[in-house]
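J.: So the protein lines, in turn, are chains A and B. Per UniProt numbering: the first sequence = residues 1 to 465. Per UniProt numbering: the second sequence = residues 1 to 459.
One or more hints might be untrue.
Restraint-style ranges between C-beta atoms, simulated for each label pair [what the hints assert, rightly or not]: (1) PRO438(A) - ASP306(B): 36 to 44 Å; (2) LEU437(B) - LYS245(A): 40 to 48 Å; (3) SER17(A) - LYS244(B): 17 to 25 Å; (4) PRO438(A) - THR311(B): 28 to 36 Å; (5) SER9(B) - GLU78(A): 47 to 55 Å.
For the record, the hints were derived by calculation from the structure and aren't laboratory data. Each residue gets a CB set at the ideal place from its N, CA and C atoms; glycine is no exception.
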Amino acid sequence: MAMGVETVAEDLRSVYSSGKTKGLEWRVSQLKALLNITTHHEKEITEALRSDLNKPELEAFLHEIAGATSACKLALKELRRWTRPEKVKTSMTTYPSSAEIVSEPLGVVLVISTWNYPFLLSIEPVIGAIAAGNAVVLKPSEVAPATSSLLSKLLREYLDVSAVKVVEGGVPETTALLEQKWDKIFYTAAAKHLTPVVLELGGKCPVVVDSNIDLKVAARRIISGKWACNSGQTCVSPDYIVTTKEYALKLVDSLSCELENFYGKDPLLSNDLSSIINSRHFDRLTKLLDDEKVSGKLVIGGQRDRAKLKIAPTVVLDAPQDSLVMNEEIFGPLLPIVTVTKIEDSIGLINTKEKPLAAYMFTNDKKLKEEFIRSVSAGGMCINEIALHLAEHTLPFGGVGESGMGAYHGKYSFDAFSHKKPVLQRGFNGDVAARYPPYTPWKLKFLKAMLSGNILSILRALIGW
Amino acid sequence: MEEGFEGLSQSLSGLKRTFRSGKTRGVEWRKAQLRALLKFLAENEAQIFEALKQDLGKHPIGVVKKSADHALLHIQKWMAPKRANYHYFCFHQELKYCQNHWALYLYLDPGISPSHQHARLCLNAQSLFIWTSAVKVIEGGSDVAEQLLQQRWDKIFFTGSPRVGRIIMSAAAKHLTPVTLELGGKCPVILDSFSGSDFKVAVKRIAGGKWGPCAGQACIGIDYVLVQQNLAPVLVESLKSCIKKFYGENVKTLQSICRIVNKHHFDRIRNLLEEPGVAASIVYGGSMDQDNLMIEPTILLDPPLDAQIMTEEIFGPLLPIVTLDKIEESIDFINERPKPLAIYAFTKNKKLKDQILQETSSGSVTFNDAIIQFICDTLPFGGIGQSGFGRYHGKYSFDTFSHEKAVLHRTFFPEFEPRYPPWNDFKLDFIRLAYNLDYVGLLLLLLGLRRIFTPNRSR
């Protein structure tokens, strides 16, 4: 498999050079083909996701299929507008001239996707790459094999295989791909070739819960964003909660009550709860649970079933800062609660850690909310909600610092895979002698005046004042 | 002037402390720094010109002042959060906006050893900033740069060669630091045919665009010219008379032109001319004054395409002219080579213009002029492929050092049950209909009039 991979970038490059992928018709045809996949193969996609992740049908639809469908539809609707050159103003300094910014494709790009939303996180960047006119190779995650092979089959069937390829495989194939020269690498989860990258990584996404809120709604939204999203295996899932010592028990009670409403008395039996992806991650998560610093502090859940790779929704109260669970991204159904004396202290606490992909706050206190937005740096934020900013295509989705670089979704996907080329048009009239040597003090004065853009200075320089 | 590794780490911790204190975020602080920069430029203009003259024999230019003015004028607008429109199915009002944060950055400009003047200017610059706890100048050569690269930064902005760009990027990868690389490339001129006066203007602009910016030592400077065979003789003659008029005829008495920055580059450029076949293609110039590091404007006609002068960025006052049978061949010529930072096309032919825009890729394109796109603040300045990535100037500078943070605001009311487990067919239908904005379907579903075909699957 690794042998064939060595030339895949080169092969695509000759197709790209032919200009095929730049045409609007080609881009539209590929996007329509992708839309056909998401609308006509829902059943197969859902089955593959159930096989890889035991993902409930609703999650499969809501998070993956619907997401991919709407990204496709948006690109089809907006493509003409996105590809139109953007006219920009010019000033005195380049008068007379006209200027515009033209979007052009980068060339041949590599998208490396991941296992937790294997369908969506493969299709969405590919939509951006194709919309922007690139040839693309997709490397789906081998950790979700059913979805990987389904993607390979469907894309081969529906899309132009000369310009859109799927390469399946594990570490050797990925390494072989990364050795080649790409014009952009999009990696969810390049210095050799000076390749720009978009890295969608992760982090410990905190949730600050203030008092004086609608606790029931907050608890339900937290549960929805944590356990109803692939059992916490989501880059933007709440990782830990920060609340006051006084409020913590109320929060725990509310979470406990709503969890039972959602998953029943024995959550391991619920069909609406996803499994852990594989035994390696299952063991990693049980290790976090069995850490002696934490094992005595479970207040909800803790049940596990290794045969089914399921762990019940689990909440830990007052996990110490030096416990394992507070020092790595959990990426699973464990939720530690950290308590502080005053809610304002939560901001300082969050800022001692690396910048997360998302940060959340539930509050009705305007001042606290504004302080939070101003002082906490994160990829994105929601107030009184979890993860919903991903559904909004007008908001860029991406990380900062350790949580990643670059952004996508909606037009940001198109932009991520484009080079915005500035174009300056000049005529031959109005040629200014002052810009050419030999340089004289008068020319210097005139040029300074021109660059200042100040009409009076220009006039004075012209008169020789 | 050079800080040891300890000193550097301390400087960096100091900068981080300052940033965390929130000092640098306020609009007043930022405006104060920009005003201080303008003051520095105004008060030290003579010294800056002197230093540039010493380092490079350079003539004064006002671009930095213009950029600072532009930033001062617009900064409040740039900082304002942007509201995004909400298209999703929902009954109530929701507000979303993004917000920008200032970040810690490192600006590297290696490769030029500072003169004494340059050093004094750096100190002056530093003392003029209101809080030097937030803005530092660190001087030194590649050893200092290496030490700096071992530290952790929130962003690295580098202007220089692709070779060093790779080193920077590899070092940045260790800390997942985003970078902007402003590299270079061989910026070609495509010269179409013109009538009398337009041709004269074109030639002046080409001459100005080649030898004007630092004697060709500029990333966006013209590197070589592509022209149709029959135009070559008149081009060469016009360029010769332009050179004589602009700069003079004797290498020892050249005016209005910079010198080569140092001996290393002087030798590098001289070696370009010593390759077989290259010297023979010189049609004007070629004289050098080693004592003063001056090389006169030199024109070459059809040097061998595999010589270094045609495969590497010249970054000097040598101008190769490459002749083609038809000017349209210039497109393939350019595409066979790494993507340049800029393409300069002198043409009035709309078809050729469109072809250039559609079929070539470059950092930027300028029609009928050269270099001038640099001072247009509304245009992003940056490269692509080997010429770099990321961009700046005007608002793009602000953006390049910012993180646009998406922020979604929600209220507690109303609530939607179908989003919560336990899931059943009703909830799945509801969500499906909602996603497709099928309001009629939703109404029917809520009234119980829409048939559900599959049995309830929960548990």
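J.: Please go over all the hints and tell whether each is borne out by the structure.
T.: These are the hints, each one checked on the structure:
1. Hint check: PRO438(A) to ASP306(B), Cβ distance near 37 Å, so the stated range 36 to 44 Å holds.
2. Checking the proposed 40 to 48 Å range against LEU437(B) and LYS245(A) shows it holds: the Cβ atoms sit about 45 Å from each other.
3. Checked against the hint of 17 to 25 Å, the C-beta distance between SER17(A) and LYS244(B) comes to roughly 43 Å, which is inconsistent with it.
4. Checked against the hint of 28 to 36 Å, the C-beta distance between PRO438(A) and THR311(B) comes to roughly 34 Å, which is consistent with it.
5. Look at SER9(B) against GLU78(A): about 48 Å separates their beta carbons, and that is inside 47 to 55 Å.
Hint compliance for this structure: hint 3 alone is broken.
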